[in-house]
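Trainee: Below are the chains, spelled out letter by letter.
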Amino acid sequence: MNHGLSWHIFRKDWRLMWPLAVATALLQLVITAVIRHSEPFPLPEAKSVIASLLTLGLAISMTLLILLTIQQEAIPSINQDWLTRPVKRRDLLLGKVLTLALLIHGPIVVVDILHGLAEGFALGSVIHSTLVSNFEIALCYSLPVMAVASMTRSVVEAIIFGLVILVVGVSVGFVASSTEGTGLKWIWRSVAHGELLLVTLAALWWQYTRRSRDGTQQARALFAVGVLAFTLIQLLPWEPAFFIQRSLALDPQASRQIDVEVVQGASYRTRQLLAAVDAPDPGNVRIVLPLRFSAFSAGTLLHGDRTTVRLVGGDGVVVFSGLGHVFDVPSDDGTVGQAVDIPADVYKKISEQPLRLELGYYATLLRRQLITRMALNETRRIPGFGWCATRNKIGVIDIGCRTAGALPFCISVTAGTAPEAFQCELNYEPVPLRFSVDPIDHWEIKIPTLPRAELAPIEFAFRVYEPVDHFFRDVVVPQIRLRDLSP
Amino acid sequence: MTTDTIVRAQDVWRQFGRHEALRGLNLEVPRGSAYALIGANGAGKTTTIKVLMNLIGPTRGTATVMGADSRQLPPEILAQIGYVSESQVLPGRLSVGEYIEYVRPFYPSWDRELEAAIRSRMQLPPERKISQLSHGMRLSLGLTCALPYRPKLLVLDEPFSGLDPLVREEFMEGLLPLIGDLTLFIASQELDEIENVATHVGFLHAGRMLLEEPLDHLTDRLREVRVTLEQPAVVPDHMPREWVQPRAFGNVLSFVDTRFSEENLGERLRLLLGPVRAIDTQSMPLNSVFKTLARAARDGAMP
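Going down the list, the protein sequences come from chains A and B.
First residue of the first sequence? That's 1 in the working numbering, and the numbers climb one at a time after it.
First residue of the second sequence? That's 1001 in the working numbering, and the numbers climb one at a time after it.
In case anyone wonders, no lab produced these hints; they're calculated from the structure.
You may find that some hints are simply not true.
[What the hints assert, rightly or not] In silico DSS-like links for lysine-lysine, alpha-carbon gap of 27 Å or less:
| hint | chain 1 | residue 1 | chain 2 | residue 2 |
| --- | --- | --- | --- | --- |
| 1 | A | Lys348 | A | Lys393 |
| 2 | B | Lys1129 | A | Lys88 |
| 3 | A | Lys47 | A | Lys393 |
| 4 | A | Lys47 | A | Lys446 |
| 5 | A | Lys88 | B | Lys1152 |
Kindly generate the complete structure, drawing on both the sequences and the hints.
Mentor: Listed below in structure tokens is the structure:
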């Protein structure tokens, strides 16, 4: 490989592409100027709309830049001059990678670092979060677009190919992922991203090491299958994902003593603190199973990630099999009402029968940690956490935090003696793997304002929840009657 | 392949959908020759060249160029091949000067003095964008960039369409001799231009090589014959197969003899045609050779 020729190819691309590259970089600067926060609260709506439109323009500009750069030397072409020149394919690939790194990712890195510094974050954390976010952008965007560009001869052809791939992916994507909406969603997503990276690199390698029309067809087929697999991977079952999650637990002994039982005759309230739960479907009847979790320590929260429910009739026939709703159990009393929705017609048939109940609980133990306490209308930089502020607006209290990198996925705020308010996006991904295309993470919550007299001395306690262990328990109740569990 | 063969194709087939552009093509280009690939439109000349240059792959069969499989021409081989085609797409947003600067480092043997000599003859405006060049000027630029590294093999696909006669002449007579040890492989309809340099001819028809031999052999054996008879001429019902395009006018019968030999010519004609008053034979220019072969191939009368 001749690095000099790679640099030579890059210089030629720069000569051709600099107007678009400069326009793309300027667009990034403008976006950064628009979204730069002077305080850690959400942007005004008008600014958000402008930023969204500009970001769309940036995506188009970046896509064009990648496509045009790669297609300067279109691999599937049969007429381009370079094909009969002694250009080593690896030099060419390296030259193109150099072009994309310097013309696309270079400006992003510079602008993101300036953005992070302008918001007052430390240089080290800004550089780290910027590099991590660029890695994510390269993985999920630049490299796949580059692969598509290498398999097509023109922008139009690339857009058509890209749209076909997108339609196939989106169509399959309508099938719900087994881990969607849970803290485990990162597992299959990460596997899918890894698969996409491999397929993208394979397609690029294929194109840049062997050049023929047949080769391009093979690369396209490989890439299409890869994108399909990317979507299908997310449909992989829950159990292996949970097994992987368990193996990554921070404190695998933490849940060892935890036990669960159905307390017949009790009436416990349902609680969903971390995840929103849909209202019951009108065609369903909701039953509530009173559960008691014992032996989990103070300062923790138990989150029921998934509950499998089987109801077996006296003749041994399974009359219902489904999932219960997620739930949360604070450590203060350990009780919760587990909601299960049963189709009304099924319920009608079996509500009076004695049934055997089989439950499987996949749960996560989260440890609570107090981060800080703040007064109203205070802004503070909290070391190791972020830049947070509170303010009183008409009817609500705005609370927000920003940080270079990733904030914990679950943060709560307790205002005085009011109930703890959660704002969580469940994600049990180990911290080093938490990539985001946005190098600055943000978190906001609005809570109802309080009477003026209570506001002045009030303190806002910021707490974070991080998973420490994951466990499975099964419970069998030999005989229940559904009617006794209906509200 | 013998060491004297620089390009060889063996039973090369190339299909585009249902259309067979090449149907068992065989060819051999001797090293140091100037090989003219001729044929009617659609005969498969451009497809042949694209296969040889690995711009498209053969459906089956093999081709070798400078000893390497045409499907895997390494940069070391490409560095010794010049290629110019009328369908070649150059980077339109580069200027002439930028393009030459871009191409130069890929060739270790690039001779800047030769480049200067070629540029001065081609008279290309260095600041002008390639997209703003005429078709002929783009071809001139292609030719300009195909010579300074002194290629061992120069492959030209219709390089003269749109070029003015002066540039054609400059190129063929002024520039090519500067290259030195060169094999020229050229497909062109401009037969008058290549006749003076061609040493070998391959005649391609419907994807097959119907004829391939040194040009001097070909012009020796193809002669236009005019026979003036004692009586009014009639095209005989049973003519030798090697006589093509017979025409009778008055007492004169003319035809092209594709296996011409002077030996016993008068006696042979007299036996077939009767008393002969005069015989006139003329060698044919490449243009006429092509037309004769093309007609014969079209009519299924290829000798």
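Trainee: Now tell me if each hint is right for this structure.
Mentor: Cross-check of the supplied hints:
Annotation: proposed proximity of lysine 348(A) to lysine 393(A) is violated, straight-line Cα distance about 50 Å (limit 27 Å). About 26 Å separates the Cα atoms of lysine 1129(B) and lysine 88(A), which keeps this hinted pair within 27 Å; it holds. A C-alpha spacing of about 19 Å is found between lysine 47(A) and lysine 393(A), which places the hinted pair at or below 27 Å, so the restraint holds. For the given pair, lysine 47(A) sits about 19 Å from lysine 446(A) by alpha-carbon distance, which is consistent with the 27 Å threshold.
Between lysine 88(A) and lysine 1152(B) the CA atoms are separated by roughly 20 Å; this keeps the pair inside 27 Å, and the hint holds.
Checked against the numbered hints above, the structure breaks only hint 1 and satisfies the rest.
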